[in-house]
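Residue numbers (my numbering), protein chains in the order written: chain A, 1 to 453; chain B, 1001 to 1453; chain C, 2001 to 2453.
What the hints contain is simulated information worked out from the structure, not anything from laboratory work.
All figures in this text were calculated on a predicted structure; none of them were measured in a lab.
Hints are supplied without guarantee of correctness; some may be wrong.
[As the list claims (entries may be wrong)] Calculated pairs, BS3-like style, for lysine-lysine (alpha carbon to alpha carbon, straight line, at most 25 Å):
1) C:LYS2363 with C:LYS2263
2) B:LYS1098 with C:LYS2083
3) B:LYS1081 with A:LYS74
4) B:LYS1061 with C:LYS2064
5) C:LYS2098 with A:LYS81
6) A:LYS94 with B:LYS1081
7) C:LYS2089 with B:LYS1098
8) C:LYS2153 with B:LYS1081
9) C:LYS2373 with A:LYS89
10) C:LYS2055 with B:LYS1055
11) B:LYS1098 with B:LYS1153
12) A:LYS188 with A:LYS81
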Amino acid sequence: MNKSKTLLATALFSAMATTAQAGSEIETLITMLHENGMVSDEQYGRLVAELEQNKAQSVEKDTKIQAQLTEATKPSDVEVKVKGGVTVKTRDGKFSTKLGGRLQADAATYSGDPEMGDGTEIRRARLYLEGTMYSDWGYKLQYDFASTGANGKGIADAYIDYNGFDDLQLRVGNFKDPFSLQEQTSSKFTSFTERALPSAFAAGRHIGVMASTKQQHWSLAGGVFGDSLTATNTSTTGTKHENDEGWGLGARATFAPVNEKTKVIHLGLGLNYRDTGGLGTTSFSQQAETHISGINIVNTGTITGVSDFLKVGAEVATVMGPFSAQAEYITTSVSRNNASDLDFNGWYAQAGYFFTGESRNYKKGAFGSITPKASVGEGGIGAWELGLRYSTVDLTDADITGGEADSVTLGVNWYATPTLRFSANYIDVLDVKGGTYDDQEPRIFQVRSQWAF
Amino acid sequence: MNKSKTLLATALFSAMATTAQAGSEIETLITMLHENGMVSDEQYGRLVAELEQNKAQSVEKDTKIQAQLTEATKPSDVEVKVKGGVTVKTRDGKFSTKLGGRLQADAATYSGDPEMGDGTEIRRARLYLEGTMYSDWGYKLQYDFASTGANGKGIADAYIDYNGFDDLQLRVGNFKDPFSLQEQTSSKFTSFTERALPSAFAAGRHIGVMASTKQQHWSLAGGVFGDSLTATNTSTTGTKHENDEGWGLGARATFAPVNEKTKVIHLGLGLNYRDTGGLGTTSFSQQAETHISGINIVNTGTITGVSDFLKVGAEVATVMGPFSAQAEYITTSVSRNNASDLDFNGWYAQAGYFFTGESRNYKKGAFGSITPKASVGEGGIGAWELGLRYSTVDLTDADITGGEADSVTLGVNWYATPTLRFSANYIDVLDVKGGTYDDQEPRIFQVRSQWAF
Amino acid sequence: MNKSKTLLATALFSAMATTAQAGSEIETLITMLHENGMVSDEQYGRLVAELEQNKAQSVEKDTKIQAQLTEATKPSDVEVKVKGGVTVKTRDGKFSTKLGGRLQADAATYSGDPEMGDGTEIRRARLYLEGTMYSDWGYKLQYDFASTGANGKGIADAYIDYNGFDDLQLRVGNFKDPFSLQEQTSSKFTSFTERALPSAFAAGRHIGVMASTKQQHWSLAGGVFGDSLTATNTSTTGTKHENDEGWGLGARATFAPVNEKTKVIHLGLGLNYRDTGGLGTTSFSQQAETHISGINIVNTGTITGVSDFLKVGAEVATVMGPFSAQAEYITTSVSRNNASDLDFNGWYAQAGYFFTGESRNYKKGAFGSITPKASVGEGGIGAWELGLRYSTVDLTDADITGGEADSVTLGVNWYATPTLRFSANYIDVLDVKGGTYDDQEPRIFQVRSQWAF
């Protein structure tokens, strides 16, 4: 073997020689043939040059294909999801928008006294648009088509969020005051078709500003609020617009010493102060845990000469696997200008059990959606829950006889899929003391079909 | 030639030898050179080893590229379509959502008696969200912004479907009773701007439960219904909510012995029973196939002491290429507690012809959208249809003189695209007998601009 | 060297020889070895055949990969974008749909006389769907949830566009008459929370037909209109529907001799004629550049016996970098049947300055959205604008004493992102002469939080 040839080959193919690479056998062959004297030095030179050129071209071609493949397989900038509602979000998380909604179609039949009028209704029919903008900002607009009317009556959530601070959210717009566990829990996810009797003291939604923080084991929210959307500055005579609307302050703290997926202990305390504004009136009333009839089983009527009132609520709840329980006590103190103060109050306690093994879904201060272990349409029977509730409210004090009512509710919920729920509730109003419906005891059977996403 | 070398080569290259494969010429060459004695056994061994290694690497590289290509060319999990409305659906068909709507902007001018008041209106302005969830479930929420008001007045379709059974659909929520061909056909697709006079007997939408099946040559639907969304349990005095709402039963069967794309024969029969509930009242009225004026040319006013009523409707329709015809007869029997029963009735017959060759689109019991052979904006002139209709309704019986009216309508429709329609209707009310507008004969010219998708 | 071999090689490899190509070194080697006599003619023939076959296969494989790559890297047929709102459009531009909206949450406090009632409100809460269909057609439906009520009160824009002509757009449906710069500028983009006092003469939206053209340096629009959506044909007694609705004609021309990105001179002239229809009444009124209170600081009340009226408006505006200014004068002449004609008028002038260097965004006849140089959430502080406005309106003439008002407004706008705006306005009503609020001088402080996209 010719040593110079070997050296030449070594020089030319040094890199290639270390490990075999695609097509390297031709290099080896050429070198061998050159070493064996089968090709001349000149031929060898030409072959090597051509080989080098082809290798460069091959690398270029592979690079181009890889670039195209990288382009082709990279995720799209925008991701679209559909699961009832539609979510569109940018891959970088800067923007997202969700279009969602809920429908609750109800029917009820009544027995006992008073006559309440069997019937049907669309309880809620809502669409909402919510999302994220420019990373730090959030927004929502939600409308209830079942509650339309003057003054944007159907507008539910309508706000701007600022999420640019760590662990602190600022919100401005129209949204619920932070008060009461059963009010903070969306009607999509409450255990019964209607909230318990102390919902007479619900704080509702107002236009305001709120700061809140939600941690794994506690949450805190506080804000200042104007009046509800339907409030106008119209005077009682209705001819002038000279009265200030009401305003209020609200805060809620929750503590969850245990907060695991299927094991929760929740404690909460809410304060809600409200100045009645120029009109100086307020009222409290509550239906018999049914909405179709429209009858307020307890009702203070309009209370005049009211400067302000304060609601205080205490909450406790637990989840232990398929079992859950929840209770609240709310008291309301009404300050009157030329009469004694009034004290109203109410409480409820409820328990539920999933026969199909699911757990209520606790999310930092409220309950969220139920996901069946196996949905109908995917081979399962959905989630089945049985619930029992006792609730009471007393709207009678001093000269105001709004009445006192107690009721027991038995309910069954069938979550066919995460987006569907069918509920049947039997409500037995045990007694009404005082007020328009003194001594009457209506019984209610009502059903609901719901989609929500 | 050395036999052992040949055997070796055969052993090494057995698979490759059968058919030529990429780069196999180098193998052949190596084998030849080995056979020709140009490379030594040792060199040959090295070359073959290197060749094998390179081939393995090449296969690996190709496999990787193919995997990337498969990933890159596979369809996305979610498909988005836009054609006016927007449809998002998962490729597996489990979920889909469509956002669509319609707008009808009308203007009308009136002559003859009575004075009806020229003007304009948005006849319908609807958005809807509908879709599929978890394979077996469907939902819809549709709202008419032109009909807003108390009690969710603008809510049109709002329901849940269960499609998990073969050939049987269950529906719960708010939707149209199954009754009358012209009512089952969406206002987007009716041949004239307003439905014919017997629309006085339209069954309308109620909250209820319905089962239905739609086959190629027949359909059947039946359900039980509560009252309309705007019904309340309020008594006539308005102070108490003690009256049951009305309820009803409805069924419709259709038969299409011929059902081809451009050739259809349709027969239908509908029954609609309604109990008036606690109030015991009903009324029937109809505008003169025009909506802007608001005048009911025939009107029974409130009929009291009504326990229930039954509507029966017979339908016939045909499509023969560009020609179509349709007729219905509806009779309504009203049972009164302390007075004789009442019988009202009406019928209409209409014919239409597409000068541009399209056919009305029959879809299992009702008519659907028109697709022009060539749309405006895509080089065509759209679809042009001429229609003629005679209709009559009689709301006079016994002590009730609601009046009887007959009218002839001449209409032209221009479907510029599948999503657009411009219509002009001339309505000549031939005569009104009895009632408020006895002996009067208004004439109406009205136009509509519509988008719908 | 064997000449015939060389010729054979040349014939076989003619194409390949010109430039080196992938794998060509093996061809060269084979040819060399053949020329050097290392492989026989027969072997050479076999090698060349195999080479050719492999080359064909290689080309086929590359072509297939390239086809897959082309398929994989081609843009999707439908493009989805999200930036608050969601836009879906087909790549060919034939179809597009955008879902967008706006929210304005306001609060106001009042001092001075009259009592106006502090409070809050959702000023506007709108969603809209707009898009393109079949290349040449456009559509829009916009609804204001804060203005719901009878007769589709909340419907804002609702129309069909035809864009098939060069430089000419046809529009039919419900939309704003072409009149007044501050009215043509969306409330999302006006410099102050409420429009200036001459908004008493706003032409508003009507159902009609309009033709318009928008050029770089001028625009022209003219149309014929029916009445507003809430107009009904009801007579003053309310029992019959015998009155024609009103109708009108409107035209607006604008001229922009300078129209650059940050330098604009705008001149405009608008004419708006309106026939009052069968009722023969009209009225003009205006709030004190605040909406929450609901008090009309000037108000003619209902003027009867009006046949028609004509509004004429002159506009001037400029942008000079961060500075902008705008002024309008509007006069309205009301013709009465049995009394002297009435002349009302008003004007305003305003100036604004962006401390962060942005410019107002002039778009062919109106002002559009502000894009901060650096948004909050992207490392910036948004855009900050200070504005000052003087405005006056006089609704007193002859026997009508609607009153005259002047006011000065100081405003600051913070555009945190292109989709967010927070505004604070201080309005000092300098004087009211005549009318209900004669000699009163309210002062107003109001804030707004807005998202819009």
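Here is what the structure says about each hint:
Using a Cα cut-off of 25 Å, the hinted pair C:LYS2363 and C:LYS2263 holds, with the two alpha carbons roughly 12 Å apart. In summary, the hint linking B:LYS1098 to C:LYS2083 is supported, as the alpha carbons are separated by about 20 Å, within the 25 Å threshold. Proximity of B:LYS1081 to A:LYS74 is assessed by CA-CA distance (about 22 Å); at most 25 Å being required, the pair is judged to hold. Annotation: proposed proximity of B:LYS1061 to C:LYS2064 holds, straight-line Cα distance about 16 Å (limit 25 Å).
Distance hint between C:LYS2098 and A:LYS81 is fulfilled; the C-alpha atoms sit about 17 Å from each other, no more than 25 Å. The hinted pair formed by A:LYS94 and B:LYS1081 meets the criterion: a straight-line CA distance of about 24 Å does not exceed 25 Å. Of the pairs offered as hints, the one joining C:LYS2089 and B:LYS1098 holds, with about 15 Å between alpha carbons and a cut-off of 25 Å not exceeded. Between C:LYS2153 and B:LYS1081 the alpha-carbon distance is near 32 Å, which puts this suggested pair outside the 25 Å criterion.
Annotation: proposed proximity of C:LYS2373 to A:LYS89 holds, straight-line Cα distance about 24 Å (limit 25 Å). Annotation: proposed proximity of C:LYS2055 to B:LYS1055 holds, straight-line Cα distance about 16 Å (limit 25 Å). For a cut-off of 25 Å, the pair hint linking B:LYS1098 to B:LYS1153 stands: about 23 Å separates their Cα positions. Restraint check for A:LYS188 and A:LYS81: the C-alpha separation of about 21 Å stays at or below 25 Å, so the hint holds.
Figure legend: structure checked against the earlier numbered hints; the only hint not met is number 8.
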